[in-house]
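Protein chains in written order, with UniProt numbering: chain A, 1 to 196; chain B, 1 to 196.
Please note: incorrect hints may appear among the correct ones.
[Claimed, not checked] On the chain A side, residues computed to face chain B include the following (Cβ under 8 Å):
1. 155
2. 158
3. 187
In short, the hints are calculated from the structure, not lab data. Computed from a prediction, not measured in an experiment: that's the story for all the values here. C-beta atoms are modelled at their ideal positions from N, C-alpha and C, and glycine is treated no differently.
Number of protein chains: 2
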Amino acid sequence: MATDSALTTEQILSATEDALRRFGPAKATVVDVARTLGVSHGSVYRFFSSKTALREAVTERWLAQAHDDLRFIAIEPGPAAERLHRWLTTLFAAKREKALDDPQLFATYLTLVAEASHIVDAHVDTLIDQIAQIIQDGIEKGDFRHTPISATARAVLEATAHFHHPAHAAGWSDPAAEDRFEALWKLLLRGLAADA
Amino acid sequence: MATDSALTTEQILSATEDALRRFGPAKATVVDVARTLGVSHGSVYRFFSSKTALREAVTERWLAQAHDDLRFIAIEPGPAAERLHRWLTTLFAAKREKALDDPQLFATYLTLVAEASHIVDAHVDTLIDQIAQIIQDGIEKGDFRHTPISATARAVLEATAHFHHPAHAAGWSDPAAEDRFEALWKLLLRGLAADA
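Isolated chain A (complex conformation):
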């Protein structure tokens, strides 16, 4: 139990995730979260002004976890093609792990994500910016041909939705999934490369 004075945002978000896992997105309340932490629901409201704000914060944290390693790949040195491949496979692996390890919590987050499209949009923009950074490096070094960077970065993210968008999670345990990703990657890389 946390004492009221030592309560942190991270504790509240973790307790919220527990409540969501136990009661599901339709039934989990701020009172459940407060009870888990041994504090009053007023204490929770001092951190998050509403149940919606709390759910959004936990959704944002969940999405951010999926791409925490990605931003390092985006700024590393090294050939753009290799980094973009690693960035995409890391994203795919992170999403697949979340979906397969804890399918119930994953399903819960699908509900939360559907409620908070502006948070998803911000998440997608972050991912597109990272891809754009790699593509720009590739163009500057002459590995990738000149293209409108931002539109191409979005196209790469959308083209690979099959391997990171939660709606396609049912196919991620298919043993053929990795080969299919590689076939798609080859096609995209030929599309990006300065010469074929």
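Could you slot chain B onto chain A? The hints should help.
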């Protein structure tokens, strides 16, 4: 009302679609279908041995409608790049029309499709075969580079999921959707083309 003796498969499937639209996938029954047609539920069972068989048949018809024009594009003469572009935009337009014109029925079909993955798999295989046919033509005429045809055809379908998979329907009314599709198409075409 159809008399029992004149009853056709098409009538039953249309009545089933009506029942699904009115009562939703959870509540629509074979009795509802029979009542709409003015026949006994036994008459319906002479065509479809179970409620599951009936739901699968209506799902199959619905999916087939989305790609009825596509098979002609796959076998037409003409440059492969132009045909593949037209095939993809026709698929996108057909799905978008279904999603936006009758969102409730579209949502119903999402439920049915989730119940009948073998029917969806067959649908996807049909689409991949059509893309493969166009890619093969393109390779034979020297417009497309040599690639493993079937794997590349699947990669093209998966790469464009954002614009035809029902899970992404919420984005199809976005005014930027067509420009985004074109950016993705350019990337894919450069990946397919024999020389850049």
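Hints, one by one, checked against the model:
no. : hint : verdict
1   : 155  : holds, 4 Å
2   : 158  : holds, 4 Å
3   : 187  : holds, 4 Å
Consistency with the previously given hints is maintained throughout, with no hint failing.
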